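2 protein chains.
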Amino acid sequence: MIIDDNDKGLGFLIAETARLHRKLLDRRLQPFGLTRAQWAVLAVLVRRDGRTQSEIAEELEIEKPTAGRLLDHLEQLAWIERRPTPADRRVWRVHIPTAARPRIAAVADVVRDTRHVMVQGLSADQQHLLVRQLGAIKTNMVAALGEAAGDPG
Amino acid sequence: MIIDDNDKGLGFLIAETARLHRKLLDRRLQPFGLTRAQWAVLAVLVRRDGRTQSEIAEELEIEKPTAGRLLDHLEQLAWIERRPTPADRRVWRVHIPTAARPRIAAVADVVRDTRHVMVQGLSADQQHLLVRQLGAIKTNMVAALGEAAGDPG
DNA sequence: AGATAATAATGAGCTAGCTAACAATAAACA
DNA sequence: TGTTTATTGTTAGCTAGCTCATTATTATCT
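Protein sequence lines, in the order shown, are assigned to chains A and B. Under UniProt numbering, read the first sequence as residues 1 to 153, first letter to last. Under UniProt numbering, read the second sequence as residues 1 to 153, first letter to last.
Which copy is meant is left open, because identical chains are indistinguishable; a pair holds if it fits in one copy or across any two.
Listed next, the in silico SDA-like pairs over lysine to any residue satisfying Cα-Cα at most 20 Å (straight line):
| hint | residue 1 | residue 2 |
| --- | --- | --- |
| 1 | K64 | V142 |
| 2 | K138 | I62 |
| 3 | K8 | V117 |
| 4 | K8 | E55 |
| 5 | K8 | D125 |
For the record, the hints were derived by calculation from the structure and aren't laboratory data. It should be emphasised that the depicted structure is a prediction, and the values quoted were computed from it without experimental measurement.
Full structure from sequences and hints, please.
Rendered as structure tokens:
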């Protein structure tokens with residue numbers, strides 16, 4: 001047993017770290033009326049505009065109803081707009097209106113700064129290693145989740 | 001910039017990993033009628049019985065209302081019981097009833113196995129390093145959260 | 001063409017985080 | 001002793017995850 005039973009376990013440590021990250025970023029984004037989860041959606045759209053809601057959900061690895069509700073909030077505050085798709089009347093394509101772009105740039109600055117604060121004291125190599133190892137753990141869990149459907153024997 | 005802007009950022013990677021861990025463990029604990037968060041409370045009590053609710057919240061790094069509600073659920077299903085404290089009528093001390101101990105042992109087995117699955121392919125050294133680095137990141141974020149009260153200049 | 005299956009998005013309802021505000025009690029102190 | 005302050009726990013209300021079920025539409029296949 002590598003992590004002995006007295007320890008809470010790596011998964012719980014990761015969960016605590018994620019909670020702190022949410023707490024910190026939610027607080028720093030509050031002046032903009034945004035939450036961390038809402039920013040994650042915007043960040044996806046900044047990379048490429050006009051995605052469908054399903055694409056956004058898939059990229060963020062969240063479920064479609066979760067993404068839908070985040071978009072509801074973002075739409076109400078005019079951070080995004082949903083445009084219908086003539087070719088397929090089921091899908092909405094999500095766009096960032098021009099008026100929101102300067103605001104988004106300001107938010108991005110805060111997020112960048114927070115990222116910087118978070119990894120203080122870690123070398124570039126350490127950060128890359130961390131990313132790789134978390135990726136490996138994610139892969140293991142995705143596999144374990146996939147096996148649930150079939151016969152594990 | 002170590003993690004370039006095209007990347008979602010380490011914080012979001014940690015959040016995704018935490019979400020997967022919750023999803024996996026919630027699914028595996030479902031046969032017991034437990035969630036990951038509820039198990040975390042039980043794990044604290046297994047280490048030492050008879051804590052107060054505030055002590056539990058502090059150890060898990062969650063807020064007191066969150067802990068209180070988790071205990072509500074656990075109490076309803078007889079995983080724990082709250083006993084009054086004669087010396088201080090404000091506090092409840094939380095205990096694991098004898099009848100629940102065998103069930104808890106069975107759950108612990110599942111949690112242990114899941115932990116094992118999660119870190120497959122990572123050496124002991126890598127795991128220890130990971131724990132240290134996540135600890136460093138947590139420390140950075142706790143510091144940043146603390147500074148919010150005072151003047152950052 | 002018409003029945004069936006797949007897909008996009010929503011709605012409802014649950015758990016678990018958080019904050020803010022409150023009640024009851026205990027501790028500190030003038 | 002009596003008033004103020006601090007602490008324990010709860011209530012209320014918000015966001016964000018999830019699952020399950022439903023609607024509207026498109027794709028598939030006889």
